[in-house]
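Engineer: These are the residues of each chain, in order.
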Amino acid sequence: MAIVETRDLKRHFDKVLAVDGVNIATEEGEFVVLLGPSGSGKSTLLRMIAGLEHPTAGDILIDGQRVNHLPPRARKISMVFQSYALYPHMTAYKNIGFPLKAEGLDTATRDKKIRWAAGLLGISHLLDRKPRQLSGGERQRVALARALVRDPAVFLLDEPLSNLDAKLRAMARDELKQFQREIGTTTIYVTHDQVEAMGMGDRVAVLYNGKLRQFGTPHELYEDPADTFVATFLGSPPMNIIERDGRLVGFRPEDFLPKVVWEDKEDLVTYDFHVTRTEYLGADQYIYGIVNTDVGETKIVSRMPSMVTVPIEAGSQYDFAVQGHHQVYFDKQSGKRIEYEKV
Amino acid sequence: MAITYDRNTQIEQQSLLDNERVLGSVMLLPAIVYIVALVGLPFFLAIGYSLSDITVGDPSLDFVGFSTFRAVINDGTFQRSLLNTFVFTVVSQLIVIIAANMLALALNKNFRGKWLIRFLLLLPWATPIALGTIGWLWVLDSVFSPIDWLLTQANILGPGGAFGPSAHAYWLGKPTLAMISVITVHVWRLIPLATVILMAGLTAIPQDIRDAVAVDGVGFWREFFEVTLPLLTPIMAVATLFGVIFTFTDMAVVFVLTRGGPVSSTQVLSSWAYFKGIEGGNLAQGAAIALFLLPVLVAVVIAMLRLARRSEVL
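So the sequences go chain by chain: A and B.
Note that this note's numbering has the first sequence beginning at 270, numbered continuously upward.
Note that this note's numbering has the second sequence beginning at 16, numbered continuously upward.
The shape of chain A in the complex, shown without the other chains:
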């Protein structure tokens, strides 16, 4: 277990700043997710922590020790790659044992550790197979076992679930999280999938254009987004943002419901919602429409649970409302979060 810390970490690629002054510190045994769209610098950040990429400026610390100059193998980390990066010519057994061989352990000790890791991940029966004889899920477990077997201080995972199909991914997510709890190793996990991030992370660091936008628990990110990017990146459909009274107002689609639904009529902000289209999705109904704002008409969406049976027709106008305390406000220029003040 260890604490990983980055201080003003920067990385240039030619003229592009892939990572632009990121400060993150994990806690011991914490599961931290680096979340961002592609090109946000999350993978570069992870690779710098791993030692596969050199920072242009700033420091990386593991357990308080500056590791900038250390090669990957000296950092007490293990990494699982998006493609799993299993050695195709080696059996699962040899793949898992490869890092141990590098450490110079004798055959008996290696065997014990390999079997322990394989047992933990339920792949003991697959050890004689080569990667191409394994399914995606099985390969992922072999890759995890290979990472686990060295007993690392930090686990680095680079989109390890993105090569699995949707059904398997949900299961693997749950298993991976359980597994991390059991072994208690500090884990840094890169993903572009907000569902993965919210579901697995103790804390999530949202990155965009190389900058850290917000670092907090999933709950904080969702309820208290630091800016419009975080607000719209998390949640599906994303937060509605409209311009009103010289600032940006944001509210979640699920908080934006027909006025008749709200029992407590106090603290309601009512909008004249012109419905253009509805989408029935089983548990929910998405209602797309237009409201009038400072800049004319803005398209927004409401996510109404199917339990709510208020009839909504496309082409009609309805009173929709959101509770005032569910609204968040952002600065029009910077997009940064501001406190509500009466103008």
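Since the hints were derived computationally from the structure, they do not count as laboratory data.
Hints are not guaranteed to be accurate.
Some, not all, of what chain B presents toward chain A, calculated at C-beta under 10 Å [as the list claims (entries may be wrong)]:
| # | residue |
| --- | --- |
| 1 | 215 |
| 2 | 221 |
| 3 | 223 |
| 4 | 231 |
Ideal Cβ placement from N, Cα and C applies to all residues, glycine included.
Position chain B against the provided structure of chain A, taking the given hints into account.
Structural biologist: Below, chain B alone, put in the same frame as chain A:
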């Protein structure tokens, strides 16, 4: 409601070339003609010649069974040529594959002026064999060899030198040195191709695998022997098979450099077939000698086809 078509859709008649069987045959025809005329015909002609006693002076095809083969095999020069062909091929390919691996690994790194090195490296391959070999002929000249000059300056050759007192090594004049010279030229010629093929193989190893190796923390040698080399094996086999074909069948190097000498000590199958069949006029024996290339070439072709099929499966 009535349906109206506002577009004037016209369904065309099927033309003869739309028929896949006709089109396929037409497309294949040039290749078939080429192979039959330039590969098939000469091949069967050679078999026919080798079973006859045909010479330039007596161009009638009289069947003599295997007596031509017997005559060829019992000839000491043929035996030497056969041995030389294998020695040259095996030794030069061993050197080529080791050197090409080293070069490919080095050129896979990033450094300034890499393009220039790559360009220079490819030159021997771009040079016509005969011209390149003539260049070597000057380099290995018995009197004006620059190698001799350098060795003399370094006090290795010449009076007082370890290999003295002569100031000349006579690279092409002594059997062992002549063999070394022939092998050297083959190596020089084939390193570029092998290096380029291996470089392609190295680039094909995914970055993730290299990163995994870095994280797993193995050193250079273990990485090379346990990861890089096994992953490179199929492509290395391709490079070797190409090299084998080029060396095994080559006659330009021997022909230009030594003409098989001194005293047939560097004679190879193809040059011996040429000297016997064309210069000596004994077409039957020339054909019989050339046919000895066949078993090895067939083996190489089978190996290549297998390799191609295996890489498709992977």
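Engineer: A separate judgement is required for each hint: does it hold in the structure or not?
Structural biologist: Cross-check of the supplied hints:
A least Cβ separation of about 17 Å between residue 215/B and chain A goes past the 10 Å threshold, and the interface hint is therefore violated. At about 7 Å, the closest approach between the beta carbon of residue 221/B and any beta carbon in chain A falls short of 10 Å, and the interface hint on this residue holds. About 4 Å separates the beta-carbon of residue 223/B from the nearest beta-carbon of chain A, less than 10 Å, and the hint is met. A cut of 10 Å between beta carbons decides the hint on residue 231/B: the least distance to chain A is about 4 Å, and the hint holds.
Of the hints listed earlier, the one the structure fails to meet is number 1.
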